[in-house]
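S.K.: Residue-level listing of the chains:
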Amino acid sequence: MSPTATTTRTSAQPATAATHAYAGKILRVNLATGKTWTEAWSEKDRREYLGGIGLGAKILYEEVGPKVEWDHPDNRLVFATGPLAGLPVWGTGGLTVITRGALTGGATSTQANGFFGANIKYSGYDAIVMQGQAKKLSYLYINDDVVEVRDAAHLAGKDTWETQQALEAEHNLSGHRLSVYAIGPAGENLVRFAAIHGDYGHVASKNGCGAVMGKKKLKAVCIVRGTKALAAHDTRGLIQAADDIAHDLKTDPSTSTLYNFGTLPGVVNLSKLGVLPIKNYTTNLTGDVDMKEWEAPALRGGFDHRGHQCNACGMRHCHIQVIPKGRYEGERVDEPEYEGWSGAGWTIGLTDKYSVSWLNTRIDRACVDVNEFGWVCGWVMECMEKGYLTEKQVGFRLTWGDTEGAYKLLQMISHRRGFGDILAEGVKRASEKIGGKAAECAIYTQKGASPRGHDHRGRWEEMLDTCTSSNGTMESANPTFQTEVGAPGRINPFDGEQVAKLVGMIRGRRHFEDSLGGCTFTFRTKMANLARALSAATGWDYRLEDAVRFGNRTAAILRAFNLRCGIGTEVEYPSARYGSQPVDGPAKEHDIRKQWDRMLDVWYETVNYDRKTGKPKRELLRSLDLGWLEKDLYGKK
Amino acid sequence: MAGKAQPRASREPASATIEVTTWVTKHVGGDGTGTKRFDEDVGEGDTPRTVLRRFTGRFPDLDSALWSPDHSELGSHIEVLVNDEVLGVTYELDTPLTGGERITLLGQFMGG
Chain A
-15 MSPTATTTRT SAQPATAATH AYAGKILRVN LATGKTWTEA WSEKDRREYL GGIGLGAKIL
45 YEEVGPKVEW DHPDNRLVFA TGPLAGLPVW GTGGLTVITR GALTGGATST QANGFFGANI
105 KYSGYDAIVM QGQAKKLSYL YINDDVVEVR DAAHLAGKDT WETQQALEAE HNLSGHRLSV
165 YAIGPAGENL VRFAAIHGDY GHVASKNGCG AVMGKKKLKA VCIVRGTKAL AAHDTRGLIQ
225 AADDIAHDLK TDPSTSTLYN FGTLPGVVNL SKLGVLPIKN YTTNLTGDVD MKEWEAPALR
285 GGFDHRGHQC NACGMRHCHI QVIPKGRYEG ERVDEPEYEG WSGAGWTIGL TDKYSVSWLN
345 TRIDRACVDV NEFGWVCGWV MECMEKGYLT EKQVGFRLTW GDTEGAYKLL QMISHRRGFG
405 DILAEGVKRA SEKIGGKAAE CAIYTQKGAS PRGHDHRGRW EEMLDTCTSS NGTMESANPT
465 FQTEVGAPGR INPFDGEQVA KLVGMIRGRR HFEDSLGGCT FTFRTKMANL ARALSAATGW
525 DYRLEDAVRF GNRTAAILRA FNLRCGIGTE VEYPSARYGS QPVDGPAKEH DIRKQWDRML
585 DVWYETVNYD RKTGKPKREL LRSLDLGWLE KDLYGKK
Chain B
-9 MAGKAQPRAS REPASATIEV TTWVTKHVGG DGTGTKRFDE DVGEGDTPRT VLRRFTGRFP
51 DLDSALWSPD HSELGSHIEV LVNDEVLGVT YELDTPLTGG ERITLLGQFM GG
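Residue numbers (the working numbering), protein chains in the order written: chain A, -15 to 621; chain B, -9 to 102.
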């Protein structure tokens, strides 16, 4: 029987000129009442806000006031896709989750892939905006025009893979036919760094968006691949643009490894630069680990694996693996990204790749941010080694590289049991609570954001970006084809002024990428190429300068939102350990703290924001046609 | 005379090691893994630029991956380190070499 036989199918609707590339509608859900409705959004708004982070920033700013904290029912949880989603461009199943997050208390924008973005589009929506709090644990079911808030009692306590499997069985659909984004026990228990996971390996991980979903008592969003028509304005032009982007990905020296191996090359590459985070930043030396075993072909070749590509993707990036030997032999796992090899591996002193692979999937299934988990677990390991935390406090002895111990800690955190209840608040709050010497070891930004899985003491642009960002994670780094916007191709990475200027100059690119409904990896091409694809999809004449303008507008809106939430310039600093000078390795001669304040000065000057207040300057807002935002920030002139 | 250093009439032959790593090894006859090392002569006036130009002259694939299209500067695909430090810190492309340096070619990583 065809897997589609059980679904109720509506007649396909022909595409109209008004809806090229877009569904043209936003789905609204009030979880408290179960009411669902749609609202159209205008061509003007589509052009101004595109989708993804752009649309989400608008909704957040307009609908989430300063008194609406992350756990308030009126906080919005937005799942947005973009104009390229569902079209024949690689990796266009992308989803952006936008909300007010639990770690920083400010804006969150975090991306994930798989099929969700395409499924939303084919169902007739460009975004789902969820508000309110359900009366009991629920899941949202979407099948074209059927949108229902359904009871999820049978899913309570399940991890994310179990949840997806249960919903697949319930609806007799799987693979491309059904996309599920869900929280695990961590989200249900409001762990501040809980994430949202989908389609067996894709995670919207940042700033506790999973806790927001859990507070809304929303276990999962389950969306059948829809039947609505979707067409590009210029199909031939779109396919040509897509082919050109794919050709570049395959042949450009810097992206061809991404095409072949995804982010696997990162471990060895970054170790040579002193950017691999090892044992909670206590060293940058790989010791007697055979790094040949950590090269990309060895990381992939050591497992049985099969491709697990996202919507319309031709990359050899995502894989499902079977662990071939060792304690976890036979277990099916999602091949870790670089962030998983670091957060579930090197950060906690674990260098057995089979164990890392296993633990990384467990983290996805319990569903917390793998980066923050690494910082939390690594912090506990270091503090126990040094006697800053005791076995009595933690509940058991945890040492570097202890896989089962790390898993036990993960379970404690996910269920807020014992010491896990303190750790579930994230490493910033946990270390501040413990205090003393333990507090000096924790890695975080003063905003509360979790750094990505690199040692940013060797990569200053990322530290600066994470500390100044308004989206709960890196907002602009890493520089990608930066000469396109006039930024230098190479700088001295330890010259703070050069770093700050570069980070300022590339601002906006990531916002543009994250508005289009695709994957940051398949979009590793020049912005002009993405603009060409967007033009062909929509019929607009969209150029590089429009993309840069869009990105800077979105950044300004997110910045204004955060300022309104009370997140100002006083928290744009790394923690003591995060900003410390490495004791060894290639970056050991360099101390970012000596240049930090000057870096902020230069960054603010470059992005044209006020250094004292943090506000985008009036002239910038006017140049971006953000007069309404200028009025909000500065009052009537 | 015994015990007294002889003056050098000219510079003695010196060399630097070029270390090609990971995927960059594909451009120098490797399989894209591990590290391949090459000893390159370093003469009077040699710099990382001149040594790398000579080196990439022997490997056309590496030549197009390493240099900008007009060959005036390094491209953005490959990171160049001298003695484990990226260029732009202690060494620039035109800093004189004296021999004994290790020049590492490391593929750019755009991570996630």
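Since the hints were made in silico from the structure, they are not lab data.
Fair warning: there could be bad hints in the mix.
As the list claims (entries may be wrong) - DEER-style ranges, computed between Cβ atoms: (1) A:E369 x B:T7: 34 to 44 Å; (2) A:G420 x B:G47: 38 to 48 Å; (3) A:R577 x B:G35: 31 to 41 Å; (4) B:D29 x A:G470: 34 to 44 Å.
Stated by the list, open to error - Computed footprint of chain B on chain A; a stretch qualifies when at least three of its residues, placed anywhere within it, have a C-beta under 8 Å from a C-beta of chain B: (5) 270 to 281; (6) 406 to 419; (7) 467 to 480.
Backbone N, C-alpha and C define an ideal beta-carbon position, used for all residues, glycine too.
S.K.: Does each hint fit the structure? Answer for all of them.
M.R.: Results of checking the hints against the structure:
1. A:E369 x B:T7: 34 to 44 Å: holds (37 Å)
2. A:G420 x B:G47: 38 to 48 Å: For G420 of chain A and G47 of chain B the Cβ distance comes to about 60 Å; the hint is violated.
3. A:R577 x B:G35: 31 to 41 Å: Hint holds: Cβ distance 39 Å, inside 31 to 41 Å.
4. B:D29 x A:G470: 34 to 44 Å: Because 40 Å falls inside the window, the suggested range holds.
5. 270 to 281: Per the Cβ count (4), the hint holds.
6. 406 to 419: Per the Cβ count (0), the hint is violated.
7. 467 to 480: holds (count 8)
The earlier numbered hints that this structure contradicts are 2 and 6.
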